[in-house]
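Heads up: the sequence lines are chains A and B, in that order. At position 128 of the first sequence (counting the first as 1) the number is 128 in my numbering, and the numbers step up by one without a gap. Each number in my numbering corresponds to the 1-based position in the second sequence with 1000 added.
Read the hints as simulated data drawn from the structure, not as lab findings. Mixed in with the good hints, there may be bad ones.
[Claimed, not checked] Calculated lysine-lysine pairs in the DSS-like style (CA-CA distance at most 27 Å, straight line):
hint : chain 1 : residue 1 : chain 2 : residue 2
1    : A       : Lys275    : B       : Lys1265
2    : A       : Lys243    : B       : Lys1200
3    : B       : Lys1350   : A       : Lys243
4    : A       : Lys285    : B       : Lys1265
5    : B       : Lys1346   : A       : Lys243
6    : B       : Lys1123   : A       : Lys275
7    : B       : Lys1300   : B       : Lys1350
8    : A       : Lys144    : B       : Lys1123
9    : B       : Lys1175   : A       : Lys115
10   : B       : Lys1002   : A       : Lys243
11   : A       : Lys272    : B       : Lys1346
12   : A       : Lys275    : B       : Lys1365
13   : B       : Lys1002   : A       : Lys132
14   : B       : Lys1200   : A       : Lys285
15   : A       : Lys285    : B       : Lys1270
16   : A       : Lys243    : B       : Lys1027
17   : B       : Lys1123   : A       : Lys243
18   : A       : Lys275    : B       : Lys1191
19   : A       : Lys224    : A       : Lys243
20   : A       : Lys26     : B       : Lys1002
21   : A       : Lys272    : B       : Lys1002
[Claimed, not checked] Incomplete in silico selection of chain A near chain B, CB under 10 Å:
hint : residue
22   : His64
23   : Asp67
24   : Gly169
By construction, the Cβ of each residue, glycine as well, lies at the ideal position given by its N, Cα and C atoms.
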Amino acid sequence: MAILINRDTQVLVCAITGRSGQLQTKVMLDYGTKVVAGVTPGKGGQSVEGVPVYDFVSEACAEHRIDAAISFVPGAFSRDSCLEVFDAGIKFLVLTPEGIPDHDVVDIVNYARSKDARVLGPGTAGIIAPGKCKVGAHPARMFKEGRAGVVSKSGALSYEVGKTLTEAGIGQSTVLAIGGGPVWGFTQRDAVELFQQDDETGVIVLLGEIGGSMEEEAADFISKHVTKPVVSLIVGRAAPAGKSLGHAGAIIEGSRGTAASKIEALERAGVKTAKTPQELAELIKQVRGC
Amino acid sequence: MKLYEFQGKRIFREYGIPVPRSSLITKAGETSEVKPPAVLKAQVLIGGRGKAGGVKMWNNEADLGPLCRDLLAMNIRGEAVRAVLVEERAEIVQELYMSITFRGSTATPVLMVSASGGMDIEKVAHETPEKIVTTTLNSLTGPSDYQVRYIAKRTGYGNARDLGKFVAALWAAFKGTDATLVEINPLAVTKNGLVALDSKVVLDNKAAYRHKELFARLDDEQRVLAGDAAEGYAEHTITYVPLDGTVGLISDGAGTGMLTLDLIKDAGGKAANFCEMGGFTSPQVIYDALTEVLQNPSIKSLLVVLIGGFNRMDEMAEGILKYREDHGLPVPAVIRMCGTLEDAGKEAMKKGGIPTHDGLLEAVKTAVALAEGE
């Protein structure tokens, strides 16, 4: 098992006929992901890359078992589309769009919770279980099957580290990005919890960045509940104070949210921290003895 | 968009939240509909106004001109005062604190109420956090009666009915305007009930499309009062932050952008800027990013770090080559390109005569060396 997805996960693509929906459906199918259906209102009856398109999620669910959905629905229409996904009984949604109003994100996540479903994102690059399945944008050749479980805020940073680990001969159980915030459906702490329970994960890799306190919350959880080795890379050591760097929360205000304070909290929780992806690979080799 | 006090209070009034009667003065010499005794408050977006002397008591009719002249000449922590809010003075029995915002990690609204409101609320939060009652709300149902009764008990403010009406109105304002923060400090207990004496409101720019008139009006006012410092509310795909080094940087992710900033420093170089394009880009976006970054005359080399997921490398190559065709590249460019459709992207760059790198560290070192003139 990987976390959240596995070899048998059957996937629905929301807004499958759009530009991103079409390309990513092809890329996911090429990887071996079981994309079984798509939804675009008004386009029911068409097909994309051989995948049937439906007008409504409930119509797709009547024909297929759906384990996970990935959404490319633009921000202004996301809320309605997500509620439809959960009403149809789908338990895991990868929410890729950026620009969804915060109130809508919070409604989506609160609604999902009431239906016992999970939301990864918004603004997420998604999740890959190398060699098994990917629901998202992770470029296939940067990842290979193995025992490192990687969680990142930033999608691109999860690719960067995946690429470095793969080149160093370290495979991954699951790699996921949770998005840049400021509101999250799924946190680093949540990922760490699942990695701790996952038999196929031997070492947990936590990729963080300046701003907010999510890495500190993960550190607190690690010190209390995690027995597996955890290694971490926090980016933004050279960032200037008072400037938001791309992610809504990536800002240093006073002494709060600095890379130094996060590194300190993680090291206090017994986490080994690296300064670069290369150093991270070295640390993993040491803790795993491979 | 962060609002001025008078803007936030106008929203409060529309949602039935009691605020003092007021008028706004933008030039010394203007008259006020509100008469003394009143309070004159400098309108600035930055906090700490009271401690900086931006609030004055107005007792004698004749003093209005001189008091406003003083306030309008002030500069509070770098912010020029361009408007003064004149407010009827309230008879304060007690000062409370109330706010609603989001807790990002749980994606829930949180309501915070304290009986220890006033200027030292941050000290209270730090030293005696138990004096702030924090209630997690469900965004789909809003505050429940039992939650209000609990807050009334815990804070010692006994009038749960009055508090309930106030909380409901504040929740409606928070939800109805797509606010990410509504804060009242102090929230005055007067003999006529609760009154919001201050307002701190932040609206979500991502929701501007569904409040077009509201955002346009607020933005017009901010342009008059803050001039060039007004932030505006257009959603930008590109994040550009100027720095003081010589390596021009563009990345297609915030995380890899920050990592590259760290690696440039480790390699002994200095970045001229941070520029991040977001995960969903197009040829036009990288074209615009190049335009923004290359206008800086201090740049000695350009480093473009691309590792595409949703972002397509064929489109990135198209944008870079189009920019070079239109404007040329004023400094040596180091392009790191991998990810989605990387073969097509690299091929196009090769045809265009610009080599690409695969390794990030190697690309950073090359760009730093070029900036140092080696």
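Going down the list of hints, with the structure as the test:
1. A/Lys275 - B/Lys1265: holds (12 Å)
2. A/Lys243 - B/Lys1200: holds (21 Å)
3. B/Lys1350 - A/Lys243: Between B/Lys1350 and A/Lys243 the Cα gap is close to 36 Å, so the pair fails against 27 Å, i.e. violated.
4. A/Lys285 - B/Lys1265: At roughly 26 Å apart (the allowed maximum being 27 Å), B/Lys1265 and A/Lys285 satisfy the hint.
5. B/Lys1346 - A/Lys243: Distance ~33 Å between B/Lys1346 and A/Lys243 Cα, so the pair is violated.
6. B/Lys1123 - A/Lys275: Violated, at about 35 Å.
7. B/Lys1300 - B/Lys1350: holds (23 Å)
8. A/Lys144 - B/Lys1123: violated (50 Å)
9. B/Lys1175 - A/Lys115: holds (22 Å)
10. B/Lys1002 - A/Lys243: This hinted pair holds, its Cα atoms lying about 16 Å apart.
11. A/Lys272 - B/Lys1346: violated (36 Å)
12. A/Lys275 - B/Lys1365: holds (16 Å)
13. B/Lys1002 - A/Lys132: violated (46 Å)
14. B/Lys1200 - A/Lys285: Distance ~50 Å between B/Lys1200 and A/Lys285 Cα, so the pair is violated.
15. A/Lys285 - B/Lys1270: violated (31 Å)
16. A/Lys243 - B/Lys1027: violated (33 Å)
17. B/Lys1123 - A/Lys243: Holds - the C-alpha atoms of A/Lys243 and B/Lys1123 are around 25 Å apart, at most 27 Å.
18. A/Lys275 - B/Lys1191: Roughly 59 Å separates the two Cα atoms, so the pair is violated.
19. A/Lys224 - A/Lys243: Status violated; Cα separation ~33 Å.
20. A/Lys26 - B/Lys1002: violated (42 Å)
21. A/Lys272 - B/Lys1002: Cα-Cα ~39 Å, so violated.
22. His64: Violated: closest Cβ of chain B sits about 25 Å from A/His64, beyond 10 Å.
23. Asp67: violated (22 Å)
24. Gly169: The hint is violated - A/Gly169 has no Cβ within 10 Å of chain B, the shortest such distance being about 16 Å.
The structure is inconsistent with the numbered hints 3, 5, 6, 8, 11, 13, 14, 15, 16, 18, 19, 20, 21, 22, 23, 24, although it conforms to all the rest.
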